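Going down the list, the protein sequences come from chains A and B. So that you can map any letter, position 57 of the first sequence is 57 in this note's numbering, and since no number is skipped, the others follow by simple counting. So the number in this note's numbering is just where the residue sits in the second sequence, counting from 1, plus 1000.
Hint data in this document are derived by calculation from the structure and do not stem from the laboratory. Note that the coordinates shown come from a computational prediction; the quantities given were computed from them, not determined experimentally. Note that beta-carbon positions come from the ideal geometry of N, C-alpha and C, so glycine has one too. Do not rely on the hints blindly, as some may be mistaken.
[Stated by the list, open to error] So the derived list for chain B, only partly shown, Cβ under 10 angstroms to chain A, looks like this:
(1) K1006
(2) V1008
(3) G1010
(4) L1014
(5) S1020
(6) P1022
(7) K1035
(8) V1072
(9) N1083
(10) P1094
Here is how the chains run, residue by residue.
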Amino acid sequence: MTDPDEFTSLYRQHSSGIYRFALHMSGSASVAEEVMQDAFITLIHKPQSYDASRGEVGPFLYGVARNLVRRHLEHDRRQSYFEEGEEENLSSGADDPLGDLTQKENLQALRGAVAALPPKYREVVVLCDLQEMSYEAAAQAMECAVGTVRSRLHRARALLIGRMQMKCHV
Amino acid sequence: MNNEEKLVAGLKALAASETSGPPAALEAALLKRLKRKRVIGWPLALEVLAAAALVAIAIFSRPPVAASSEFVAVPYAMPIGPNERADLVRVNVPVVALEQWGLKVSAFDPGQRVNADVVIGEDGLARAVRLVSNP
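Construct all of the structure, not just a fragment, from the sequences and the given hints.
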């Protein structure tokens, strides 16, 4: 990676997505910023680590970011990034917690439920549902098989539905 | 709409509601880094070689020392890649600096300066460190 125009194009295409992926995974804006920056620094200084035959550069960058986030999470495993109370309750009187998740107050609850998922389920929801990445691209980023992406996403959605329903009845 | 479809619709709305992004200054900083790497020329390369030679002379002209600890990865640093060139630099640093890098040197006075070997990656960032003690 030596062409500034190519780099700028890649950066503008992927930086916000990678930043938000790292933000959802870590819950920390400073970690997200550092991870996003380090992912692109990897592309600048270690271009040989990207093998075009294995897929697009976008999922590669997400994969680098994923590994960096994992390192942060493991290093700070005793520290909770997710402050208590972040998961706000659903709007009062909601008989069906999944009825209208597009309401602003329910989006906040949904954001909290995603943040509370175990990392391996959270990452697949963030990549496939929030970033709208294809299963193939997510598999490349997660360094796993497409079938694993599908099964984890299915499990993650079931967990989210369960959590949202439980919150409604609390 | 079943529950999963409702959830997916909610997640799409959540994604659409998010506008956060990295600071604008980061793009310029990374681009500057790319250009700096790209335009590195002979004068700078010679300076780097000269500095490396001086470090090598300084290291090899000193009395032999015994390594007293294994290398410890610097927190949050990228591991050295299989094809990545790395430099080993011996430095004299305060004990407290090594502790910040994850080395346990509680036997020393925190204000004391000690020798340490630092592995530097191609990007010029420290990747690992080990404590060195005089025999």
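Once the shortest beta carbon distance from B/K1035 to chain A is found, is it less than 10 angstroms?
6 angstroms, holds
Against chain A, with CB atoms and a cut of 10 angstroms, does the hint on B/S1020 hold up?
Holds, because the Cβ-Cβ distance from B/S1020 to chain A comes to roughly 6 angstroms (cut-off 10 angstroms).
Are B/V1072 and chain A close enough, Cβ to Cβ, to be under 10 angstroms, as the hint says?
Hint violated; B/V1072 Cβ to chain A Cβ min 13 angstroms, cut 10 angstroms.
Any CB of chain A closer than 10 angstroms to the CB of B/L1014?
5 angstroms, holds
Next item in the hint list is B/N1083. Is there a CB on chain A closer than 10 angstroms to its CB?
Where the cut-off is 10 angstroms and the nearest Cβ of chain A is about 6 angstroms from B/N1083, the hint holds.
Go through the hint on B/K1006 and say holds or violated, using the shortest Cβ distance to chain A against 10 angstroms.
B/K1006 check passes; min Cβ-Cβ to chain A is 4 angstroms, inside 10 angstroms.
Interface restraint verdict for B/V1008 against chain A (beta-carbon cut-off 10 angstroms):
Given a least distance of 6 angstroms, the restraint on B/V1008 holds.
Under 10 angstroms, Cβ to Cβ, is where B/G1010 needs to be relative to chain A, so tell me if that hint holds or is violated.
Holds: closest Cβ of chain A sits about 3 angstroms from B/G1010, inside 10 angstroms.
Less than 10 angstroms between beta-carbons is the criterion; does B/P1022 satisfy it with respect to chain A?
5 angstroms, holds
Hey, does the B/P1094 contact hint survive, CB to chain A under 10 angstroms?
This interface hint is violated because 23 angstroms lies over the 10 angstroms limit.
In summary, the structure is inconsistent with hints 8, 10 from the numbered list given earlier, while agreeing with the others.
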